[in-house]
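Assemble the complex: chain A is given as a structure, and chain B must be docked to it using the hints.
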Amino acid sequence: MGTLFSFRITSKNFSNWGYSFKLQQATGAGGNEVKVTQYLAVFSNILHRLRFPKFLAIVSQELDKDCEEIFEGLIQHGRLTLDQICDRAGSDKSGGGDSTVRAAVRENFNKLLNARFIERCPAPEPFLEPPTETKSSNKRGAKSAKLDGAPETEEQRIIAAAAPIEVLRFSNLATSGTDFDADEDVSGSSVGEKRKHGSLELNEEHGSKDKEVILWRVNFEEFIRCLRHKACIENVRARLDDGAAIVLKAMLDATRSIEKKVRTENSVPLSMNTIFEEVMKSEIGRSFTLDRVRASLVQLGCSPSDETYSIDLKKIIELAQNEEVESIVLKRYGRDAYRMFRLLSKSGHLLETDKIADMTFVEKKETPKILNKLWQDEYLHMEKLVVTATRQVSFLLWKVNKPILWDHVLDEMYHAALNLNQRLIYEQEQKENWAGIPQLEYYRCHEWVLFVFWFEMAQYLVQVPKKKICSVFVIRKLQRAAMKGKET
Amino acid sequence: MSRFQGPSSLKRKQQESSSPLDSLSEQERTVYNVIKSKQDMGIWSRDLKRETNLLDNIVNKCMKILLAKKLIKEVVTKNKGKKHFMAAEFEPSKEITGGNWYVDGSLDTEFINLLKDQCFKWIYKMRVATSEGLSDAIRRSGIFKVEFTSQQIEEIVRALVLDNKIEEVNSNGMGEFDYIPVGKVCYKCISSEGKGEPKLGAMASIPCGVCTRISECAPDGVISPKTCIYYEKWLDF
Chain A
1 MGTLFSFRIT SKNFSNWGYS FKLQQATGAG GNEVKVTQYL AVFSNILHRL
51 RFPKFLAIVS QELDKDCEEI FEGLIQHGRL TLDQICDRAG SDKSGGGDST
101 VRAAVRENFN KLLNARFIER CPAPEPFLEP PTETKSSNKR GAKSAKLDGA
151 PETEEQRIIA AAAPIEVLRF SNLATSGTDF DADEDVSGSS VGEKRKHGSL
201 ELNEEHGSKD KEVILWRVNF EEFIRCLRHK ACIENVRARL DDGAAIVLKA
251 MLDATRSIEK KVRTENSVPL SMNTIFEEVM KSEIGRSFTL DRVRASLVQL
301 GCSPSDETYS IDLKKIIELA QNEEVESIVL KRYGRDAYRM FRLLSKSGHL
351 LETDKIADMT FVEKKETPKI LNKLWQDEYL HMEKLVVTAT RQVSFLLWKV
401 NKPILWDHVL DEMYHAALNL NQRLIYEQEQ KENWAGIPQL EYYRCHEWVL
451 FVFWFEMAQY LVQVPKKKIC SVFVIRKLQR AAMKGKET
Chain B
1 MSRFQGPSSL KRKQQESSSP LDSLSEQERT VYNVIKSKQD MGIWSRDLKR
51 ETNLLDNIVN KCMKILLAKK LIKEVVTKNK GKKHFMAAEF EPSKEITGGN
101 WYVDGSLDTE FINLLKDQCF KWIYKMRVAT SEGLSDAIRR SGIFKVEFTS
151 QQIEEIVRAL VLDNKIEEVN SNGMGEFDYI PVGKVCYKCI SSEGKGEPKL
201 GAMASIPCGV CTRISECAPD GVISPKTCIY YEKWLDF
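Respectively, the protein sequence lines represent chains A and B.
full-length UniProt numbering puts the first residue of the first sequence at 1, with every later residue one more than the last.
full-length UniProt numbering puts the first residue of the second sequence at 1, with every later residue one more than the last.
Just so you know, the hints here were simulated from the structure itself, not pulled from any lab data.
Every value quoted in this text rests on a predicted model; they were computed, and no experiment measured them.
Built from N, CA and C at the ideal position, the CB exists for glycine as well.
Hints may contain errors.
Said to hold, decoys possible - Which residues of chain A face chain B? A partial, calculated answer using Cβ under 7 Å:
#1 E324
#2 K331
#3 R339
#4 K364
#5 K384
#6 V387
#7 R391
#8 F395
#9 K399
#10 D411
#11 H415
#12 A416
#13 N419
#14 Q422
#15 Y426
Said to hold, decoys possible - Simulated pairs of lysine-lysine, DSBU-like, Cα-Cα distance not exceeding 35 Å:
#16 K125(B) to K230(A)
#17 K365(A) to K314(A)
#18 K83(B) to K369(A)
#19 K82(B) to K369(A)
To be verified - A few chain A residues that face chain B, going by a derived Cβ cut-off under 8 Å, partial list only:
#20 L330
#21 M359
#22 L410
#23 M413
#24 R423
Next comes chain A alone, as it looks inside the complex (with noise of 0.2 Å):
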């Protein structure tokens, strides 16, 4: 991924790439208990970076023009304080008073914080327990953890004590009247250890002097479930009809601020009265009878009999996923393969050489040679089983292991997006003189990108059209073939 973007981080925008925390540790020889300061780079983070130019589209998109400009800024520089932002914006704008300037921006700030696409910065340094006393003290993390089936990394302990707690997260009271005071800022509420190096420091760094800080960041969580929602409306969209979409989108949207985690499962509940009032918002739902609404639950997997409705997301990434890989079997091994590969990642179980070639209409001479060809390149499990009743007698047995799988398609997709990018580069080298190229290619071929994180993250790809993706080499395909024309 190296090559794919560069960044240095300051210590401006450590907080957002890397986290700085207290761990306590004990001495040898005192047997005191000293508290040093580590740093952690988050990697999840600094890959966010590549998804700014979609992040600004959403914003742009959701709110508007304004609000994209305080959005912009607080992507450059990382973490900013309400009065930063509104001298940036001062500054920016030539006409209208100071005073005016300062009320716009404020309210463009609160529509960005209503919309939860900023948030306030998590605390410095949050202090962290020895590991040991951990595992029996956070009982909670703990808990958690095993729910999700993983268990809690150093990385997600830190960030888990550095968050700010629900209540503050998005609140602007502060900055609206109400004082805080700097030690009870945020890391004072979330761990109970009051800030007094970090916060010198940052009113240093940021200007301010004995004056509350409140550094805000951008929330990238909240654009991560903005695009799993899209991601999976649109599935939804193609896979079943546009009323089931429309009925999806009303009910996340009425429920977006109120999802626990971004990989939730399913969606919020919901009673039917609820998402017959959320579909009629939309201009197309308005047209929707109760029966209607009702259908398009039942297309989505939900029982009429139901008091509340919740769709199962999971399964529509699942689908999502499945419909992904199993299109680049297609295109890579045929459709024989194509047939076997559907076939064992629907059993989920192990099948036999045999077996999958009666199931599956191949040749029985033809089918271990495919099923060798998607082993060799990792598509397919293969065990052998040797029988010894009256004769050895060894069996090929095959089946798709999809979590090995689904992290090495992540790595050829990584790997297709850096050599799209790399191809870019080369033909902008190709032709240095033309003028098209600039921040277009530069977007596009990070849109594209976008789909690597959509399945990273959301565990799903969002069809970009090829279309899109070459625009820039359909415009550099035109400038050849005028050039040519000028040629002869």
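Only chain B this time, still in chain A's reference frame:
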């Protein structure tokens, strides 16, 4: 000596004419009995050698004699290349020939594809179909001279599901399912246009998604995005 031999050789000749079995040597009889015991499943030549515990050349010799006497026959199975033998009075079972889908040991892909196309067309026409309904429709259409069992139709339908041309759904008894009992397994076409082509994914729509040598590809490597011929073709609008 000749006195004793005379009647016995005569007797043997008489028996030979009555049944070829009587003229078999002990080893030939052993081989024959093993083959016959397998009935319509027959036996693979290598298994025969193992089960009879006889030397290869002896088994081969016995087989030649048994074939010459038309007591056994060689049959073609779906595992082509494996010599398979069966007692003459049996017809090979569907298990070893592969049933109706095989002709002379080869998969009859042309026939299978034709049946698949017909099934797909009928499902598209009927919008929602059960396997029984589909069997009926195919039979009534009279396109095929042979009769298909419901199991055969199910096998074809299952392959269409794997092709992602149709999908398996359970009837909810409403709308298009109103004439089908609730919970009954039915089949529907995936795309409304009736093309039956699966959606092309994002990754599969760019050269790297199709490339089987992506693992060997690296910037400035022998295979690299800058020199990739697939990219050349892709960008050649």
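Hint by hint, here is what the structure shows:
1. E324: 4 Å, holds
2. K331: 4 Å, holds
3. R339: The hint holds - R339(A) has a Cβ within 7 Å of chain B, the shortest such distance being about 4 Å.
4. K364: Holds. Min distance 6 Å.
5. K384: 19 Å, violated
6. V387: It is violated, given that the least Cβ distance between V387(A) and chain B is near 14 Å, above 7 Å.
7. R391: Since chain B brings a Cβ to about 6 Å from R391(A), closer than 7 Å, the hint holds.
8. F395: At 14 Å from the nearest chain B Cβ, F395(A) fails the 7 Å test, so the hint is violated.
9. K399: Violated: closest Cβ of chain B sits about 15 Å from K399(A), beyond 7 Å.
10. D411: It is violated, given that the least Cβ distance between D411(A) and chain B is near 9 Å, above 7 Å.
11. H415: 6 Å, holds
12. A416: 3 Å, holds
13. N419: 4 Å, holds
14. Q422: It holds, given that the least Cβ distance between Q422(A) and chain B is near 4 Å, below 7 Å.
15. Y426: 5 Å, holds
16. K125(B) to K230(A): 33 Å, holds
17. K365(A) to K314(A): Between K365(A) and K314(A) the Cα gap is close to 38 Å, so the pair fails against 35 Å, i.e. violated.
18. K83(B) to K369(A): Holds, because 22 Å separates the two Cα atoms, which is no more than 35 Å.
19. K82(B) to K369(A): Since the Cα atoms of K82(B) and K369(A) sit roughly 18 Å apart, the hinted pair holds (cutoff 35 Å).
20. L330: 7 Å, holds
21. M359: 7 Å, holds
22. L410: Result: violated, 10 Å to nearest chain B Cβ.
23. M413: 6 Å, holds
24. R423: This hint holds: R423(A) lies near chain B, its Cβ roughly 4 Å from the closest one there, short of 8 Å.
Violated hints, in rising order: 5, 6, 8, 9, 10, 17 and 22; the structure is consistent with all others.
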